[in-house]
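For this one, chain D is given, so just place chain X on it according to the hints.
Here's the letter readout for the chains.
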Amino acid sequence: MMNDSQFVEVENLYFSRGDKEIFRGVDMHIPRGKITAIMGPSGSGKTTLLKLIGGQLYPDTGRVQIDGLDVHRLKRRELFRLRRRMGMLFQSGALFSDLSVFENVAFPMRVHTDLPEAMIRDVVLMKLEAVGLRGARNLMPAELSGGMLRRVALARAIALDPELILYDEPFVGQDPISMGVLVELIKKVNQALGLTAVIVSHDIKETMSIADYVYVLSDGKVMAHGTPANLNVDRDARVSQFMHGEPDGPVPFHYPAPDYYSDILNEGARP
Amino acid sequence: MIKQRIASLGKSTLDTFESLGRATIFLCQASIGIPGKEGFHLWLRQMHFIGVMSLAIVLVSGLFIGMVLGLQGYTILVDFGAEDALGQMVSLSLLRELAPVVAALLFAGRAGSALTAEIGLMKATEQLSSMEMIGVDPLRRVVAPRLWAGFVSLPLLTIGFSVVGIWGGYLVGVDWLGVNEGSYWSNMQASVSFIDDVGNGLLKALVFALVVTWIAVFQGYDLVPTSEGISRATTRTVVYSSLAVLGLDFVLTTLMFGEL
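Order-wise, the sequence lines are chains D and X.
If you read the first sequence in this note's numbering, its first letter stands for residue 1, the second for the next number, and so on.
If you read the second sequence in this note's numbering, its first letter stands for residue 1, the second for the next number, and so on.
Next up, chain D with everything else stripped away, as it sits in the complex:
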């Protein structure tokens, strides 16, 4: 059943890459107009999940619905039309390196609208002002710092006023100041535009401060979900290990390996 207040529905999603199972039956409901965070340790397939939602990867079984449309059943042309209603902020920013900051933000408008040049200029300057980089409009992406790249990418992602925005690790590798700036920006953008946001992250403090609802992924499944306040007091050992950042616990610190002692003695002459 499609609930009207849900914007994205992920149902019983299975996905594997080669022999490695990444998702084993993931269910998620992402409410309209809220910020939903998807958290989990590195390698738990968070970015893969965003690519599945955006229709860039196809699941083995299960389905993803956005606003009632089954993403993976759409024809190529319909999928591209659906994507105009989404914005995605990539971890690396993924700005077009041959275009200036201004042209990068103008790009979605140039290809999808027939707006006159003067209006495109106004909108681009508004979006750049919102991320505080109006003065940097003539720079090339190679001249920007990591934090600035991500802010320009955010301006580009909201250029067409999307209904859904996907953030892939927005806080990774940011210094404390630009981290704070990004947190504020994401919150502001969400309140001002009333859009649905999905944040994939493992920066607990920052994500918890802005998320309305949180899913925690582990071992290809949803390990826990709830509001930030509920999760913080969750007594499940795995959830509390992740939420409080303890190095070892039910989620192991070590990658699976044979017995340490016999490995050191090189019994069985492994390389």
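All the pointers check out, no bait thrown in.
Ranges of calculated distance between the beta carbons of each label pair, as one might list FRET restraints: (1) X:Ile-57 - D:Glu-78: 43 to 49 angstroms; (2) X:Leu-210 - D:Glu-78: 28 to 34 angstroms; (3) D:Lys-205 - X:Ile-57: 55 to 61 angstroms; (4) X:Lys-37 - D:Glu-11: 40 to 46 angstroms; (5) X:Lys-37 - D:Asp-19: 46 to 52 angstroms; (6) D:Lys-221 - X:Gly-39: 42 to 48 angstroms; (7) D:Leu-74 - X:Ser-31: 19 to 25 angstroms; (8) X:His-41 - D:Thr-227: 47 to 53 angstroms; (9) X:Val-163 - D:Met-119: 45 to 51 angstroms; (10) X:Val-239 - D:Gly-180: 46 to 52 angstroms; (11) D:Arg-32 - X:Gly-39: 32 to 38 angstroms; (12) D:Arg-121 - X:Gly-229: 35 to 41 angstroms; (13) X:Val-239 - D:Met-140: 32 to 38 angstroms; (14) X:Ala-7 - D:Ile-177: 55 to 61 angstroms.
Part of the chain X face toward chain D, derived, beta carbon under 7 angstroms: (15) Gln-127; (16) Ser-130; (17) Met-133; (18) Gly-135; (19) Val-136; (20) Asp-137.
In case anyone wonders, no lab produced these hints; they're calculated from the structure.
Backbone N, C-alpha and C fix where the C-beta goes; we use that ideal spot for every residue, glycine too.
What follows is chain X alone, placed relative to chain D:
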């Protein structure tokens, strides 16, 4: 042990056919659809990068190849007192074989490798993914203009190669070694057929253009997005295109000139 070998042979065969299939679907998706005004501008830009920027290397090579042909042809023909046929020899070798093949090989090295590396780096830096998420099909926006630009520019480069090569043969044969100027040009005029020689040479160039550009853009689009993947794909572009050009040249020559 043997079973393993058979299995790995089967796997590599399947992989090869799978990638051929992917390459064909890729070509169809990228080349269909009439580009609008925007597409024309993108195509024009790529014509500059792919065609105009390859002009220097192609023309200089054409000049030298023509000069070598003039020199080698003269030393052989003069033994039979047939140096008057130099114009015929130079023009036929260039139009039928050397211009399409050498221009295609140079094009694969100069433009093909650049195409692979450029598209590959766009993939590695997620620019292609972000374009998809903006709702723009990178096959149409990035690949199609490059494919069409390569397809159009190589035949033009081949014509330039022939022209400069024939002039190079003239420089060495007539100006330097003293072959009669009138017989150089009139023998050429009498023996070169527009359809059979110029036309077939251009047909070869069109086929090579399609194959080289296709290999280059597909290798870029399909590569493993790491620095190692990009370097491997760039190498593969040059190796596969060169082999494909030389192999296809034999097939085309058999079909075109085999019954002479």
